[in-house]
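Novice: Residue strings, one per chain:
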Amino acid sequence: MFAALHGPAPGRFCSRVLPRAPGAGGSAGTSAGTSMGTSTGTSTLSLCPPPVTSDQIEHLHRRFKQLSRDQLTIRKENFDSIPDLEFNPIRSKIVHAFFDKRNLRQESDGLADEIDFEDFLTIMSYFRPIETSMDEEQLERFRRDKLKFLFHMYDSDRDGKITLHEYRNVVEELLSGNPHLEKEAARSIADGAMMEAASICVGQMGPDQVYEGITFEDFLKMWQGIDIETKMHVRFLNMEPIGHCY
Amino acid sequence: MGPAPCLGLLLGLLALPATLGQRSSGSPINSSQPQSFAIVSFKWNHVKDPYIITLWILVASLAKIVFHLSHKVTRVVPESALLIVLGLFLGGIVWAADHIASFTLTPNVFFFYLLPPIVLDAGYFMPNRLFFGNLGSILLYAVIGTVWNAATTGLSLYGVYLTGIMGHLDIGLLDFLLFGSLIAAVDPVAVLAVFEEVHVNEVLFIIVFGESLLNDAVTVVLYNVFESFVAIGPENVTGIECAKGIVSFFVVSLGGTLVGIFFAFLLSLVSRFTKHVRIIEPGFVFIISYLSYLTAEMLSLSAILAITFCGICCQKYVKANISEQSSTTVRYTMKMLASGAETIIFMFLGISAVNPEIWTWNTAFILLTLVFISVYRVIGVVLQTWILNHYRMVQLEIIDQVVMSYGGLRGAVAFALVALLDMNKVKERNLFVSTTIIVVFFTVIFQGLTIKPLVQWLKVKKTEHREPKLNEKLHGRAFDHILSAIEDISGQIGHNYLRDKWSNFDRKFLSKILMRRSAQKSRDQILNVFHELNLKDAITYVAEGERRGSLAFIRSPSTDNMVNVDFSTPRPSTVESSVSYLLREKAGPVCLDMQALEQRRKSIRDTEDTVTHHTLQQYLYKPRQEHKHLYSRHEIMHNEDEKQDKEIFHRTMRKRLESFKSTKLGINHSKKLNKIHKRDRGQKRRNSSVIPNGKIPSENPVQDFALKEKGIDNPVFSADDGQSVYMKFSPWLSSEDTVVPSQRARVQIPYSPNNFRRLTPFRLSNKSIDSFLQADGPEDRPRSFLPESTHM
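The listed protein sequences derive, respectively, from chains A and B. With this note's numbering applied, the first sequence corresponds to residues -11 to 234, in that order. With this note's numbering applied, the second sequence corresponds to residues 7 to 798, in that order.
It is worth saying that the hints were derived from the structure and are not from the lab. Honestly, I wouldn't trust all of these hints.
[Stated by the list, open to error] Listed below are the simulated DSSO-like cross-link pairs for lysine-lysine, each with C-alpha atoms no more than 27 Å apart in a straight line:
{"id": "1", "chain 1": "A", "residue 1": "K209", "chain 2": "B", "residue 2": "K479"}
{"id": "2", "chain 1": "B", "residue 1": "K479", "chain 2": "A", "residue 2": "K171"}
{"id": "3", "chain 1": "B", "residue 1": "K475", "chain 2": "B", "residue 2": "K341"}
{"id": "4", "chain 1": "A", "residue 1": "K209", "chain 2": "B", "residue 2": "K322"}
{"id": "5", "chain 1": "B", "residue 1": "K542", "chain 2": "B", "residue 2": "K325"}
{"id": "6", "chain 1": "B", "residue 1": "K250", "chain 2": "B", "residue 2": "K281"}
{"id": "7", "chain 1": "A", "residue 1": "K171", "chain 2": "B", "residue 2": "K475"}
{"id": "8", "chain 1": "B", "residue 1": "K465", "chain 2": "A", "residue 2": "K209"}
{"id": "9", "chain 1": "B", "residue 1": "K467", "chain 2": "A", "residue 2": "K209"}
{"id": "10", "chain 1": "B", "residue 1": "K250", "chain 2": "A", "residue 2": "K209"}
{"id": "11", "chain 1": "B", "residue 1": "K507", "chain 2": "A", "residue 2": "K171"}
{"id": "12", "chain 1": "B", "residue 1": "K542", "chain 2": "A", "residue 2": "K171"}
{"id": "13", "chain 1": "B", "residue 1": "K325", "chain 2": "B", "residue 2": "K479"}
{"id": "14", "chain 1": "B", "residue 1": "K433", "chain 2": "B", "residue 2": "K250"}
{"id": "15", "chain 1": "B", "residue 1": "K281", "chain 2": "A", "residue 2": "K209"}
{"id": "16", "chain 1": "A", "residue 1": "K149", "chain 2": "B", "residue 2": "K479"}
{"id": "17", "chain 1": "B", "residue 1": "K325", "chain 2": "B", "residue 2": "K475"}
{"id": "18", "chain 1": "A", "residue 1": "K149", "chain 2": "A", "residue 2": "K136"}
{"id": "19", "chain 1": "B", "residue 1": "K507", "chain 2": "A", "residue 2": "K53"}
{"id": "20", "chain 1": "A", "residue 1": "K89", "chain 2": "A", "residue 2": "K64"}
{"id": "21", "chain 1": "A", "residue 1": "K149", "chain 2": "B", "residue 2": "K507"}
{"id": "22", "chain 1": "B", "residue 1": "K325", "chain 2": "B", "residue 2": "K507"}
{"id": "23", "chain 1": "B", "residue 1": "K458", "chain 2": "B", "residue 2": "K433"}
{"id": "24", "chain 1": "B", "residue 1": "K479", "chain 2": "A", "residue 2": "K136"}
{"id": "25", "chain 1": "B", "residue 1": "K325", "chain 2": "B", "residue 2": "K518"}
{"id": "26", "chain 1": "B", "residue 1": "K479", "chain 2": "B", "residue 2": "K433"}
{"id": "27", "chain 1": "A", "residue 1": "K171", "chain 2": "B", "residue 2": "K514"}
{"id": "28", "chain 1": "B", "residue 1": "K325", "chain 2": "A", "residue 2": "K171"}
{"id": "29", "chain 1": "A", "residue 1": "K171", "chain 2": "B", "residue 2": "K518"}
{"id": "30", "chain 1": "B", "residue 1": "K322", "chain 2": "A", "residue 2": "K136"}
{"id": "31", "chain 1": "A", "residue 1": "K171", "chain 2": "B", "residue 2": "K322"}
{"id": "32", "chain 1": "B", "residue 1": "K322", "chain 2": "B", "residue 2": "K507"}
{"id": "33", "chain 1": "B", "residue 1": "K433", "chain 2": "B", "residue 2": "K475"}
{"id": "34", "chain 1": "A", "residue 1": "K64", "chain 2": "B", "residue 2": "K341"}
{"id": "35", "chain 1": "A", "residue 1": "K64", "chain 2": "A", "residue 2": "K53"}
[To be verified] Some residues of chain A that are not near chain B, with every Cβ distance over 10 Å (derived):
{"id": "36", "residue": "E46"}
{"id": "37", "residue": "K89"}
{"id": "38", "residue": "R129"}
{"id": "39", "residue": "R131"}
{"id": "40", "residue": "R146"}
Built from N, CA and C at the ideal position, the CB exists for glycine as well.
Kindly produce the complete structure, drawing on both the sequences and the hints.
Specialist: This is the structure:
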């Protein structure tokens, strides 16, 4: 029950930077733990570096190789090989997020065709749990980063706004797991949610004012008071990879 | 006398012999043989038992009313403490009159009749996600914590006893351990009673409360083991016996859980087929759950666990299956039973204490017990939390630990267990009983009294009561999927992975077996929230109309434009007397009150159903009361025309939706608003179950306002006016103003006024609704827009 493998024991941290993308396949997995010192100049993340422990990195690297079939990079198609993902209604959105450059590097845009291990880790690090040692400011940034990731997922046309159309899309996908639900219901839910968002973010609007979409600032507003940092994390519970993925 | 025979499922009460009987039937009525046929005879003995039981219940309930007359008292003193004091008082009176302490809380009555409703209520309304999310911590506290408390308390008492401070007692190590085991367990009834008033944050609450529920298995096992050890004598206790004890723990706890799950399955299955016996539908919930309790008891498994898990597991399916009315019935009945049982328990704890026969005072023993249970509770909590915090995502802070330690209330379970002890086997039973009473009183009264200030002083995070938000739900759902996907991708089995797999399994198999087909369809949490919010809006809207004395704005204009006027205000002359005008000028106060109403609604969510039904039935469509006076035991005469209701609902929503494009609530009467809020809150306190007919803020200023600033218009209430009305008199109502703000607004989401947030109809089936969301030009749209269905 409590077998969670939990990062924060300080001694176990790898250094506070991302590991460089491991070199040729085989050795990197084991060396990942040691090669951490090399700073990655390119990825100036707003994230504080992921406190993923070395054996977690090792594990993730093994997994990465498994997914990429021993290639250096992962392409979208590689994600098709994960059987459990198939039933996920928003799988395409999630997979998309892995290749979204906004999530990978700060000042770039567009979609990557393939990602390397470093990018893979970067994405994973959005899901790390909070640490007790974080101070207020770090927490705030941490929260922002997580929300940004989420926001990017909704904002599929990258204009910095979640428009009604985008929102509807997400909701439709979300509810697609229930075969009994009609599309119209999903749409009206999205509409309702959008109105709610508008009323939260803007409050009373002028008669000719138009709510064009949820900006990131609005998004932050909507999340006020909700502990995203305690929700949006994955417990690195069982480090054994699920054996048969292919 | 044995436990009272019955009183239905409701409240089998207490064992009661003759005190009252002796006193009141001391008159010679029964003694003399009637010479002839008596037209009226006084048969006290005939009805004595149920009569006294009912009287006691009445007294307890009346006491509750009295307590709540004064807010100052109930805010400071927990009800449980008040009830105990009242019990002491009443017990004192009875004893003073008769010198017989005959009303006691007997274990039989307690375990068979009083405890199950409380635990069932806890299980049935358990926040499952929270519970299972914290299950690990709860189990640790419940199992290890309780064993720790029992062992340390028992051993320490024994240690002190050996030093001789307590004087001579006819007592051995096993007796101490037995006592330790029964005094160790945190009591669900007491915890619930006190914590419900404190409102600590939900994680903290679920941990303490979950612990108190789940530790029952440990308590039962420890109690049984030590009791049998005491019975067979210390010299016969071998390693094998101890091993048996440990095995029996697993059997009792897992067995109890399985029994609960089995009956939950059964209950869900049965509730799938109750469509034609709606009236007894709620009964099944109680009967089958109670059966699970009794079955577990029969198999000497943990009955509390059984009924808890029965409630936890069945809630999803049962709530989906049974009708809305039945669901309300279940909710109320359950709360009533639980709250009634709780009241009686605490009162009789007080009454039971007034009995000189059970009192054996031993200062050292009693004081030390108090000290030990408090100290070891703290130590146990700190130690376990220290371990847990290595694994928990959300750390339990020091403050939480303080509250957890302090919240370790002991209660009626301990008392009932100690009362069960056999005087012949446990020589110092009376000492145990009196100590238990003292401990219970101390924890419930003293700690219950001080925990609120403590929580405030420590600034413990409290629960916020939030309206469910659609966005929140949607994001929550998205989260679940994202997290499970991340676990899938990173290739590990975690919490989310398990939850995801479980919900898949549930959707594919369990729900198919256990839910009605119709329920499967509509059973989606997001949909539910959406529906709920929609309903809420509609109710506020309708209630508002009702309050104003006219529902004209809902009615169709085609029937009568001029009839549905609001009679509460004098008609302005001439042109202005049209409906729309009358209604429009009320836009200001109406909207204000909407907010006020919403505020109030939080407390009266439960009246929703009633209110809608009431309103819908009374005011809408056609009078259809006439044929409803038939009596039937098996059917509550139901409006056959639910369809009609639905249609009305849809129509209303649609109309209001329409208004979004153009509505703006022009004024911001924040001051007035506050006033209204205040008043409403005050009113809420007094009669929270009825929507008070709040006074309408004086109309004149608004009227003036509306007259002055003609540009402001609230088509919420005028959208349904026929074209003719528009044509007659409204230069400012031209379609450009009211209907189409801008092309963009129709592509994008329209801005929304403050109060109507989610007015999209449940299903956007009618093109008319979508029309403003899609980009059709203004010319496509008829001027006064009326969907066909609004014409009757």
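Novice: Which of the stated hints cannot be reconciled with the structure, identified by number in ascending sequence?
Specialist: Violated hints (numbers, rising): 4, 6, 10, 15, 21, 23, 26, 30, 33 and 34; every other hint is consistent with the structure.
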